[in-house]
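So the protein lines, in turn, are chains A and B.
By the working numbering, the letter at position 191 of the first sequence is numbered 191, and the numbering carries on one by one without gaps.
Converting from the second sequence to the working numbering requires adding 1000 to each position, the first position being numbered 1.
Hints are computed from structural coordinates only; laboratory data are not their basis.
Errors might be hidden in some of the hints.
[What the hints assert, rightly or not] Chain A side only, calculated, beta carbon under 10 Å to chain B, not exhaustive:
{"#": "1", "residue": "Ile-48"}
{"#": "2", "residue": "Ile-70"}
{"#": "3", "residue": "Arg-74"}
{"#": "4", "residue": "Leu-92"}
{"#": "5", "residue": "Val-172"}
{"#": "6", "residue": "Lys-310"}
{"#": "7", "residue": "Phe-326"}
[As the list claims (entries may be wrong)] Within a straight-line C-alpha distance of at most 25 Å, the following computed SDA-like cross-link-like pairs (lysine to any residue) qualify:
{"#": "8", "chain 1": "A", "residue 1": "Lys-334", "chain 2": "B", "residue 2": "Phe-1548"}
{"#": "9", "chain 1": "A", "residue 1": "Lys-305", "chain 2": "B", "residue 2": "Thr-1052"}
{"#": "10", "chain 1": "A", "residue 1": "Lys-304", "chain 2": "B", "residue 2": "Phe-1567"}
{"#": "11", "chain 1": "B", "residue 1": "Lys-1011", "chain 2": "B", "residue 2": "Ala-1570"}
[Unchecked claim] Listing some non-contacts, in silico: residues in chain A with all C-beta distances to chain B over 12 Å:
{"#": "12", "residue": "Ile-52"}
{"#": "13", "residue": "Tyr-66"}
{"#": "14", "residue": "Glu-87"}
{"#": "15", "residue": "Glu-93"}
{"#": "16", "residue": "Ser-145"}
{"#": "17", "residue": "Leu-195"}
{"#": "18", "residue": "Ala-201"}
{"#": "19", "residue": "Lys-226"}
{"#": "20", "residue": "Cys-265"}
{"#": "21", "residue": "Arg-285"}
{"#": "22", "residue": "Thr-313"}
Glycine residues also receive a C-beta, built at the ideal position from the N, C-alpha and C atoms.
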Amino acid sequence: MNRWHLWKRIIPLLMVFSLLLTGCSLVGQGSNPIDPKASVAEEQYGLILLSIGIMILVVIVVFALYFYAIVRYRRKPGDDSIPKQVEGSHKLEIIWTVIPMILLLILAVPSVALTFSQDEDYSDDPEVIQVKATGHQFWWEFEYSDLGIYTAQDLVLPVNQRVQFELTSSDVIHSFWIPAMGGKMDTNPGMTNLLYLDTPAEPEVLLGKCAEFCGESHALMDFKVKVVSQEEYDTWVANMQAPAAVVEADVKSGEELFKQNCMSCHAIDAGTPGLGPNLKGFADREVVAGYLEMTDGNIFEWIKKPEEFKGKTVEMPAIPLDDNQFNDIVQYLKTLKLE
Amino acid sequence: MDWLTTVDHKKIGILYFAAGGFFFIVGGIEALLIRLQLMFPMGANGESWFLTGQTYNEIMTMHGTTMIFLAAMPLIFGLMNAVVPLQIGARDVAFPFLNSLGFWTFFFGGVLLNISWFTGTVPDIGWTAYAPLSGSEFSGTGSDYYAIGLQIAGIGTLVGGINFLVTIINMRAPGMTFMRMPLFTWTVFITSGIILFAFPALAVGLIYITFDRLFDANFFVTATGGNAVLWEHIFWIFGHPEVYILILPAFGAISEILPTFARKRLFGYSSMVFATALIGFLSFMVWAHHMFTVGMGDIANALFGVATMLIAIPTGIKVFNWLFTIWGGKIQFTTAMLYATSFIPTFVMGGVTGVMLAIPPADFQFHDSYFVVAHFHYVIVGGIVLSLLAAVYYWWPKMFGRMLNETLGKWSFWLFFSGFHLTFFIQHFLGLWGMPRRVFTYLPNQGWDTANFVSTIGAFFMAAGVIVILLNVIISIKGPKAPADPWDGRTLEWSIASPSPEYNFKQLPLVRGLDAFWLEKMDGKKEMTPAEPLGPIHMPSASILPFFMSLGLFIAGFGFMYRGYEFDSAFINNLFGNNIIAICGLAITLVCMFLRSVYDDHGYHIEVEELQKEG
Ligand code: HEM
Ligand SMILES: [Cu+2]
């Protein structure tokens, strides 16, 4: 009987403990805040670590007192005595008011300092890349204001650079978040927010997300951040600025169909935004619609029935064509490469 | 019929419990569906394995809204009704008629919200209903259900809050000064004060959004000069105090249960009162910590961040006072005490992540991630629900006159408690690994798959715990009768029979200090010393008017919601389109109000002979 009682206490403890362990061994492989790749995220990570440290300290003290008390002061069977009725203790109460104050001070000073330093505005700094990011249900538009380039879904940036983002939205509130590069900022319709981030030192592809609930397909509003070497970036800019190339004869029909059915929303030169995502360099992108693998099948399925992927509130309408025609458009889209 | 017309605070308390418990189970089923959907990541071709995005968003919205407004709030109100008048030695609440009205408006508001499941247009905008997503351009009739349902339910809360303020100020037994009030009553008092200031803000916000939606006003419509962020401010000026409205009575219940089962008086009573008041005040100063990423700028962020951290100080005082209440005591682990003691470490874990969220630059990473989901479930479930369950086991005998089964109680505790930590602890990590909240699915191979799987398993443990609780409640109908004072209690409610007679106290008790009943018992007495001679007791009469007043609002709500809707039948179109339904509904309410004002009802008396007959 007694043994059983003991187990009833220990099993849950073991469960919680094993959870802690799995927690530690499961470190995520994605693009995430505690695996910072650039300075803004690193500074934030530093504060996160400091606060976790202080909080673990607090938790340990409370847990120690707590477990001691509940084990030590259990009522023994048959013990009907009445313990001393203590009113309180001013000395103790002052101690546990002052110590938290000190801990909070240690936390508050660097927090406030970083709050101010990370709110700098680099909009007028010629050294800093200016990008205007606009949230749409459910995709991202990027405008390189100084370069006259519009693009969507894939944000291309050079290594070791500071980028000043100007954030806004065309419909509801979204939130622009590249976890490995730094914290998020909301995109509010009718307003602009400023946020600067630094890029990593090495080329890599990072995941970006929408972090504010924005409707049916909020979960699918991902984008990619392609961080490339400075030379690659320069080539990319030059290619984006060049006019669209003339297409080969075998995709002429696809081009025709595209012009008739898609051009009203999608531009294919980088100089104009378009109502939907700008498709210049589409075939170089990492993913279709922000999250689907870039395969012929996925492109086909997407243009045929976008609402099956991003729901009925997606702003891309279904287009009344037959499968052959969709195939032609897919072939055409695959020629939309840079260089 | 008795239940529809009752104005007895104890019966209204039971009604709140029944309705709140029902909605808690509805919200719990919704939670299980949410977790089931997130158990596995998205398939290779982008397919979701169980729910579509739309359905998930509806369930997620209804889960949050239901749990906050239709489960936690009414359960707290149930406790307030069942306990506060007894604790202060009163025969009733100040306004019994209003009390009943408050219940029925909450009930009909909740029913209205949930009818959306049957009309097929469920709110899908999150419980925070941010504009412009909740506006008519981006969401359907579901948002009307949200705005109008909560508006009606909110009336009940506001009315209830005012009622308890007046009751506690005016109706304490002779000798019960403010500083002799049990701590639960204190927390209800402060909570009622918060309600008085917070709920009008919600009401105004909901009216704005209703006007935007139904009458093309433009408070939040940016295209025509409105301001979307304004909604966030209004919502959180209500929403942040709201979580303190919920947690303070939970603190109060813990402050009653720990002393009883440790057999010691509450450590640091006066600092507990002070801390409660301070938390109540600060709760209005920090709303913008929900909005660090909105783009308010560094000064606002820094100020609201530091102000938020300050709340940790009074909260810390409370935690240490609780620890030193059981320190040196003689602890008896009943089910109620198990829940109450497990509250302490769990709530502390939720509290420290709260401080972490108050650091603006760090919150830029945490905000709207699963770290937040973990944090608020630690405080809401680990704080409020654990203490509510403690309170239910503690006061059940007084409310129903029956004991709950202790063995089942302990089973329910261990299932629920371990399930809770299994579900939510790992979500802190999910947040740190970058998983955003309110996502209906996620790409595989981001390191989130196992953690989500574990979390879902935990949710089923919690569900099993709740099923055992239900079982216990059903069994208790035939369970052993409860004695007047089953736990060797300290406060006035334990000095009268279980369940208490309709007039509560035959003679008002004379209160000689804190823990009034305990003092008498220590002096070797079995009962409270009466403060008045035995005399006839005045009782309010029952009334059906509150039920119909609320029903009227409910009908009017429908009328407004569907006034612009195209029905198949021209007749129905006419009824709604010309606001006939809405006007009829409002008319019912107004007629009831009129009847209430012209018809003088002085109630009745229970005579001395009758009181003596009952012994
Ligand atoms: C079995 C227990 C529970 C489980 C498994 C659970 C699960 C969840 C999950 C997974 C979410 C996140 C949805 C998302 O971000 O996509 C959520 C949201 C939420 N939960 Fe719970 N929950 C439980 C109990 C409760 C309780 C008891 C309350 C309150 C009394 C509560 C209040 C909320 C609120 C307010 C939200 C936010 C909804 C929104 O974002 O609009 N939950 N819950
Ligand atoms: Cu979004």
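Structure-based check of each hint:
| no. | hint | verdict |
| --- | --- | --- |
| 1 | Ile-48 | 5 Å, holds |
| 2 | Ile-70 | 6 Å, holds |
| 3 | Arg-74 | 5 Å, holds |
| 4 | Leu-92 | 7 Å, holds |
| 5 | Val-172 | 4 Å, holds |
| 6 | Lys-310 | 8 Å, holds |
| 7 | Phe-326 | 17 Å, violated |
| 8 | Lys-334/A <-> Phe-1548/B | 66 Å, violated |
| 9 | Lys-305/A <-> Thr-1052/B | 15 Å, holds |
| 10 | Lys-304/A <-> Phe-1567/B | 32 Å, violated |
| 11 | Lys-1011/B <-> Ala-1570/B | 44 Å, violated |
| 12 | Ile-52 | 7 Å, violated |
| 13 | Tyr-66 | 6 Å, violated |
| 14 | Glu-87 | 7 Å, violated |
| 15 | Glu-93 | 5 Å, violated |
| 16 | Ser-145 | 19 Å, holds |
| 17 | Leu-195 | 8 Å, violated |
| 18 | Ala-201 | 20 Å, holds |
| 19 | Lys-226 | 17 Å, holds |
| 20 | Cys-265 | 19 Å, holds |
| 21 | Arg-285 | 16 Å, holds |
| 22 | Thr-313 | 8 Å, violated |
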